[in-house]
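Protein chains in written order, with the numbering used here: chain A, 35 to 416; chain B, 35 to 416; chain C, 35 to 416.
To be clear, the hints were calculated from the coordinates, so they are not data collected in a lab.
Careful, some of the hints might be misleading.
Where chains are identical, the list cannot tell them apart; a pair therefore holds if satisfied intra-copy or between any two copies.
[What the hints assert, rightly or not] Below are the PhoX-like pairs computed for lysine-lysine, each with C-alpha atoms no more than 20 Å apart in a straight line:
#: 1; residue 1: K234; residue 2: K361
#: 2; residue 1: K252; residue 2: K348
#: 3; residue 1: K348; residue 2: K301
#: 4; residue 1: K210; residue 2: K103
#: 5; residue 1: K348; residue 2: K103
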Amino acid sequence: MGQAGWKGFFQSAFDYKTEKYVIAKNKKVGLLYRLLQLIILLYLVVWVFVIKKGYQDTDTSLQSAVVTKVKGVAYTNTSELGERLWDVADYVIPPQGDNVFFVITNLIVTTNQRQSTCAEREGIPDGMCSQDQDCQAGAPVIAGNGVKTGRCLQAGNSTRGTCEIFAWCPVETQSKPKKPLLRDAEDFTIFIKNYIRFPKFNFSKANVLETKNKGFLKSCRFGPNNHYCPIFRLGSVVQWAGSTFEDIALEGGVIGIHIEWNCDLDKAASECHPSYNFNRLDNKHAKSVSSGYNFRFARYYRDPAGVELRNLMKAYGIRIDVIVNGKAGKFSIIPTIINIGSGVALMGAVSTPPPTHCLSRVEKITGHILPCMVALPHAFIK
Amino acid sequence: MGQAGWKGFFQSAFDYKTEKYVIAKNKKVGLLYRLLQLIILLYLVVWVFVIKKGYQDTDTSLQSAVVTKVKGVAYTNTSELGERLWDVADYVIPPQGDNVFFVITNLIVTTNQRQSTCAEREGIPDGMCSQDQDCQAGAPVIAGNGVKTGRCLQAGNSTRGTCEIFAWCPVETQSKPKKPLLRDAEDFTIFIKNYIRFPKFNFSKANVLETKNKGFLKSCRFGPNNHYCPIFRLGSVVQWAGSTFEDIALEGGVIGIHIEWNCDLDKAASECHPSYNFNRLDNKHAKSVSSGYNFRFARYYRDPAGVELRNLMKAYGIRIDVIVNGKAGKFSIIPTIINIGSGVALMGAVSTPPPTHCLSRVEKITGHILPCMVALPHAFIK
Amino acid sequence: MGQAGWKGFFQSAFDYKTEKYVIAKNKKVGLLYRLLQLIILLYLVVWVFVIKKGYQDTDTSLQSAVVTKVKGVAYTNTSELGERLWDVADYVIPPQGDNVFFVITNLIVTTNQRQSTCAEREGIPDGMCSQDQDCQAGAPVIAGNGVKTGRCLQAGNSTRGTCEIFAWCPVETQSKPKKPLLRDAEDFTIFIKNYIRFPKFNFSKANVLETKNKGFLKSCRFGPNNHYCPIFRLGSVVQWAGSTFEDIALEGGVIGIHIEWNCDLDKAASECHPSYNFNRLDNKHAKSVSSGYNFRFARYYRDPAGVELRNLMKAYGIRIDVIVNGKAGKFSIIPTIINIGSGVALMGAVSTPPPTHCLSRVEKITGHILPCMVALPHAFIK
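This is chain A alone, in the form it adopts within the complex:
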C-alpha cells in the first residue's frame, strides 16, 4: 500500500482504544465482581508467591552421597557357637557402608554342611514318603533342600518318613530362637555421612558438623537438640520408627531413615538444614507369613582333606534404607516474570464485563447457556 497508508497505519498503531460503558448500578453483581478480583489477587500473592515461592528457580536434581558406618560389639554364648563376640565385620551385610545395609540381630546357624545325602526336613509335603516309590530319584524337592535319591527313610518302624536327598547336609533345623541372639544390637550406633550438592546453584553441604574436634563425633548422639551429630543409636531409630526393638530384632524388618534437604538459598547457607524422619517401611502389623525380614548366606571352608564345607546362616535383622530427598530454591527473574504475567492475565480475563443482554438472561436464568458462554466467567460467579 502507499505511503499514506503506512503513515495512517503507524498513527493508528499507537492509538489507544477504549470502550464506551453503561454503568449498571447493580450492587449485588458488582460486589461479587470485586470479590472475584480480590480472590484472584489473594491467590496470586499468597499462593503463588508466598507459599509456592513462585519467584524462585528451583533445583530438584539433588546429588547425594551416603556413607554409613556401624559401631558396637555384642557377646553371645550359645550351644552351637559357644562363646562368641560379634563385631562390625561379623554382623553388617554388606560391609561397604552403602546407603542400604543390614544388621544381624538374630541367627539360625547350621554348621558343617557338606555335599552328601541325608533325610529331608519334616513338614515339606513334597518330601514326605511312605515307600521308595514316593521319592523319584533325581527330582528336586519342591520348596525343599535337595534332590531325591530315590530312597524313603522311615524313622524306626513308623510308616511315614521323609525322602533321602542329596544336599548340603545336615539340612537346616527350623527352630527359631524365642528371643533375639544379638539383643545387644540395641546399643549399636550408626554413623550416617550425607554429602549433598545442588548442581544448578553449585551449592554443597554435609550433614556433619565440620569440626576438627575429634571428641565431638566420638561422644555425641543424634537427638532433637543435636541435629548436626548424625550418630544414631539403633534402638532409638527403631523406637522413633514406631516399633519395639524386641519384635523387630526377633522377626526382622526394614526401617527407612529419610533425610530431607529443603533449602531456600536466598537465605544464608547455614539456614539450609537436613531434617530427619524415621519410619518402618515394611508392614509391621502384618502377622502374616510374609512379615519380617530374613535371608540365608553361607561361609565356605575346607577341612584338612580339602573337602568343602560351609556354615549356613539364616539371618534375621534390621535393614536400614537411608533415603535422601531435597530441593533448593533461589530467586530468578524468569519465573518471577512468568508468574506475575500469568497472574496479570488472569486478572485481565476476569475484568471483561459480560454483555448486558447476556447478563440479563443469566439473571433470568433462562438456561440458554450456550449464547452466554461469552460471559461464562461472570455467569459462573453468580
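Based on these hints, arrange chains B and C on the given structure of chain A.
Same frame as chain A, now just chains B and C:
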C-alpha cells in the same frame, strides 16, 4: 480526599460496568467463535478434569521397600566340581534380598589358585613373547592376569610363547560351556515383597495378600489372574521380558521388574493395585563384545599349611532389578479452584470480541498484523 | 420456551458482537500497550516454544541399567602379606558389577584373629584402667573391640594399662600406611555399560558403540573425542572429578559418574548422545574426622583343628557411584495446542483496554486502586 469523595468512591466501587455492543450479523465469524469456546470448554472438562484429574492433589514421593527371596535347588555334575547341589546361599549374589540381585546360571570355576608363578594365558597380545627380553620384569600384563617375572616360557620347541607371570595361578581357562550349568534355574521362584507408602496421604499398602493362610503363598504363582501372589517363576519372568531362557542363562543379562502403583485414593483403598511389567534392560539383540552379563568373584580358603588359596568363579547369570514407581491422587480444594479459575480465565480471554476496525482488516487480510494484535485470538481462529 | 424463542435463540447464538470504541490518541499509553503485547509474543515464541520446547511431549521416566566391570592387576610386597598380586576378585567390592562399587586402594590387614582374650587397644578412654575394678566383667568397651573380662593388664610395672577383653584377638593395629598400598590402582580401567529406554516412546539406546570389532573396546579409552568408548582409567576419573589420586587413594572417597541422556527424538536417534560428568561426591576439602571413606570386612578360615579364624581388613578406597539421568522429548499435538491456547489467552487478556474513567484515575495516580482493579494489567505497565 473528603467524605463526599469516599462516598462516591464506594458507590462507584460497586457499580457494574458493561459495554455497548453492535451486533454484527456475521454467521461465519460467529460460528467459528462459538466453536473456539466449545473447544476450550471441552479442553477444560475432558483434558484438565477427566484425563489429568485436575481436581486432585497428587503425591509422587513414593516410599517403597522391596524385599526379595529366591527359592529352588539345582543339581550339577561336572568334571571340575563333581556332584554338586546348588541352593540359595550358593547362587544368589548378594544374599541379603535387596531389590537388585543376581542369580548364577552359568559358571567357569578355576580351582585352587595360589599366589605363585605360571604362564600367562594364550591370546593376550601383551603376554606373548619369543624371548625373555619381551617380558619386562615387574610390568603388569595389560588386560592380563599378573605381573611379568622376566622369563619367556616356550611350550616345547616352539619359537613363540607367553611370559611367565606372578599371579593367582593357574590362570583362568576361557572355555565357556556351550550350555548353561544351572539350566534348572528356570524353575527357581522369586518372592518379591513390596511395601509402599504415600506420606502425604499417609496411605500404606503391600503387594502381598495379607493372609494367615500359609498354604496360599507356598503354592501360588504369579499370573494374569493372580496379581496378589508376587511369586514369580524365573523362567516365566525371562519369557515375559521377551527373551529365551537358554540364551540369557548362557550369556547373562539384566531384567527389570517394574511395579507401578497408580492409585486414585478417592476410590476405596482396595482399588489401589500394583501393576507389573517385565522387560529386558540390557540390549538383548547386541551380539557385540559388550553383550551379556558376567563377573568374577572368589572364595578364599587355607590349606593345612595355612597358605591362602582361592576358587575363582566367573559367573554368568540373570540380574533382576525391581523398580517401583507410583503416584496417588486425592481430591483437594486448592488444585480444583486453581484449575477452574485458569479455565475460566481462558474463557474470559477468548470472550473479548475484536474491535470492528480490526476485524474488518482481518477479513480483508491486509496483513497489517501488528495493529491487530489486539485481536490475535480472533485473527487466529480465522 | 416456544418455537419462536428457539428460533431467536439460534439466530442470536451465531451473531457476532463487538464494542464501540473511542480512540484515545495517547501515544505514551499506546506505545507501552504495544510493548507489553510484544513481550508476551516473545515470551510465547522464545521461552515456551524455542527454549522449553513446549510443542513436545516429554518422557522423564527413564529406564536404565548399568553394568560395570573393572580390569587391572596390582603387585604389592609388604611385611604382613609378603609378595601378593591383587586382581579384580580381590579389590572390587561388591563383585557383581552394580552401579555402585568400591575399589580398594589402601588396606590395614590384621591376620589370624581368633575368638580369645587379649589387651584392648591403647587410646580408648573406656578401655584404660589402673586396677581390675576399672574393668567391669562382661561390659563392652564403648567404641572398643570387645567385652571386658575383669582383668586390668599393666605393661611391665607401669601403673596405667588397658582392660583385658574377650574379642577377635589380636585387635586391629591402627598404623595407617603413609602411602596407598595399591598405588597402581591408578591404571585400573572401569568399563561402564549403560542401557537406557524411554518407555513412552519405546526408544532404546546404549552408551556402547555396537560393533563386532573386539579390538575397539579392548584398546580404546574414554576421552573428549571418544565418547562412545565408555572405558575409563581410574586415575583419569579421579582427576576429572578434581581430586588428586594420591590423596583419595590414601584416605578414600566417593566419586560420582553422572551420565546424562537428553534426547530430542524429533531428530535422528543417532543424535541422542550420553554426556558424562565426573565429580567428587563427598567433601574433599574436609580434613575433619568425618573425611575419607573406609570400612572393615573379614575373611573367615579354619585352622586344621577346625577352629575359626579370620583376617580383618580395614579397606580405604574409591567408591564409584554411576548415576544416570535423562529425558526425551518428541512432538505431540496436545501440549502444542495447550501452549498455544494459553499463550493466546494471555494475549487476549492483555488485549482488554481499561475503561477511560479508570485510566484517567490511574494517570492522576489518585491511588484509588480498588475500583481500578479492573484495569490492573494496564495500570501495571504504567
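Hint check:
1. K234 with K361: Both, since 11 Å and 17 Å are each at most 20 Å.
2. K252 with K348: between (33 Å within a copy, 19 Å between copies)
3. K348 with K301: Result: close neither inside a copy nor across copies, 51 Å intra and 41 Å inter.
4. K210 with K103: For K210 and K103, only the inter-copy Cα distance (18 Å) is at most 20 Å; the intra-copy one is 29 Å.
5. K348 with K103: Result: close only across copies, 12 Å inter versus 23 Å intra.
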